[in-house]
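Chemist: If you want our numbering, it's the 1-based position in the sequence shown plus 932.
Just so you know, the hints here were simulated from the structure itself, not pulled from any lab data.
What you are looking at is a predicted structure, and each value in this text was computed from that prediction instead of being measured.
Some clues are possibly wrong.
What the hints assert, rightly or not - Ranges between beta-carbon positions, derived for each pair:
| hint | residue 1 | residue 2 | range |
| --- | --- | --- | --- |
| 1 | ASP1099 | GLY966 | 33 to 43 Å |
| 2 | ASP1043 | GLY966 | 15 to 25 Å |
| 3 | GLY1063 | ASP1043 | 17 to 27 Å |
| 4 | HIS1042 | PRO963 | 28 to 38 Å |
All residues carry an ideal CB built from backbone N, CA and C; glycine is no exception.
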Amino acid sequence: PVNEVGVLYPSTTILAEGTPDDNRGFAGNGPALGPVNASWIGVSSSLLRGQLDFDYVNERQIAGDPDLGAGIRARGGTLRVHENAWRTLVWPRTTTLQLEALAEIERFVHDGGSLVAVEALPTKEAEGRDGALRERLRALFGTDPAAPEESTRRFGAGRAVFLLSRDGVADAVRAAAAPDVRLSPAT
């Protein structure tokens, strides 16, 4: 694989909170999307500054949405679609998530993958199964999604990390996935 780090694209949050604005990313429509957009851009920028390359990974593909043509599946501690395989998933701020996506992410971590969530955990589930979502997130991260605290937790053979700030995201990812190339000095 070219990139072993994936950054979750928060599709369900975008659909639940408003629609994308072509001119301003997804901050343009819906007040809850501003912080989500800032987190997604901030996480992406932090990883690039830390010299960590990544791919964006669509949450709806992880959930197995048939309209997207190819689902992303957990296998052997990786998330895979076609020839792409990610060993670390970075999860910027989201407000809403599908339980089907969470089930695949749980399998990914349980089988040895690393998950780094940043700034906030979702508290709403796309089909209204909010209680089940919060309970499973609490088991995965060891913290309450409604009032999360920083945590690092073993989950099966993998680990789930929750950071209150994106400031440490590059270090957390680096601890989970060594980069293929590093420039020195960083530019």
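Chemist: Decide, hint by hint, whether the structure agrees.
Modeler: Verification of the hints:
{"no.": "1", "hint": "ASP1099 with GLY966: 33 to 43 Å", "in the structure": "19 Å, violated"}
{"no.": "2", "hint": "ASP1043 with GLY966: 15 to 25 Å", "in the structure": "35 Å, violated"}
{"no.": "3", "hint": "GLY1063 with ASP1043: 17 to 27 Å", "in the structure": "26 Å, holds"}
{"no.": "4", "hint": "HIS1042 with PRO963: 28 to 38 Å", "in the structure": "35 Å, holds"}
Consistency with the previously given hints fails for numbers 1 and 2, ordered from lowest to highest.
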